[in-house]
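Fit chain B to the known structure of chain A by using the hints.
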Amino acid sequence: EPEVTQTPSHQVTQMGQEVILRCVPISNHLYFYWYRQILGQKVEFLVSFYNNEISEKSEIFDDQFSVERPDGSNFTLKIRSTKLEDSAMYFCASRGLLQPQHFGDGTRLSIL
Amino acid sequence: ILNVEQSPQSLHVQEGDSTNFTCSFPSSNFYALHWYRWETAKSPEALFVMTLNGDEKKKGRISATLNTKEGYSYLYIKGSQPEDSATYLCAFIGLSNQFYFGTGTSLTVIP
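Top line first, the protein sequences correspond to chains A and B.
Numbering follows this note's numbering, with no gaps: position 97 of the first sequence is 748.
Numbering follows this note's numbering, with no gaps: position 91 of the second sequence is 524.
For the record, the hints were derived by calculation from the structure and aren't laboratory data.
Under the rule of at most 20 Å between Cα atoms (straight-line distance), these lysine to aspartate or glutamate pairs were calculated in the EDC-like manner:
| hint | chain 1 | residue 1 | chain 2 | residue 2 |
| --- | --- | --- | --- | --- |
| 1 | A | Lys693 | B | Glu438 |
| 2 | A | Lys693 | A | Glu736 |
| 3 | B | Lys475 | A | Glu652 |
Derived list of chain B stretches under chain A, where covered just means 3 residues or more per stretch with a C-beta under 8 Å from a C-beta of chain A:
| hint | stretch |
| --- | --- |
| 4 | 461-472 |
| 5 | 475-482 |
| 6 | 520-531 |
Positions of the beta carbon are idealized from the N, C-alpha and C atoms, including for glycine.
In isolation and in its complexed conformation, chain B is listed as follows:
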């Protein structure tokens, strides 16, 4: 099982603040990196599928970048809102189709 690490483990921010967190993964055998948003007791929502080094994706106030050479991806949330509170999971997909979720970052946005 691969180590896909996310940091920080949890994060509390004030409404309106911008925030970001990191996903670190092995740079070898990389095929794709996915980001998911998982609210408690709901099914996860796929946010981004990223495959190329230097990829930047954006969806509303959320964006992500990818560096496959050094093995990290950042997720940014601009102007956090209480409804952004969730666990954000990255997932590493390898060339042999391995699929590993990261350890997750739990975000709480305080009104």
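With the rest of the complex left out, here is chain A:
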């Protein structure tokens, strides 16, 4: 069965550095999402992406964050000037039209 894959599985970065989290959605999916879960807290929606543009974003998704689908297969989340509070599990998801979301296994981001 096709899967959503995320790399790396664990990213350790110094505070203030930029980080790019990568996701390869399922190939015929049209809608793409990023979520995060800070340890011990609820899952938070960050952004949804369709037709090469952001369709919806949460208050968390400020100017520090950006998403891109540079080559039609990868879907990336860039976090600029990382802060300690950005440490979390970041999950990517994709879905087809009117279908459930399929999630990757997540990237654990640790900011030191």
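Structure of chain B alone, referenced to chain A:
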């Protein structure tokens, strides 16, 4: 952004107890309701896709019902086990393909 509410927000039950929780959503522009199970630090698992009013779905000890006219869905877990501990999320899918997760119910099953 639509309001998709789940209650209770968190729940602690003893192993062996049966439990249920609710997802409330707008009854207009409804296309489908999905249930997901999300264990901490793991990727979510889709449990059910429900589209018709009166739908009932079952997967092992977990089942769900759907009432699209009044805008709610129940998820039931029979004989809860510690491995059922997770956050259970419903998601509303609208006719225009909007997708909104609910607020989630965090279930803890105490051995």
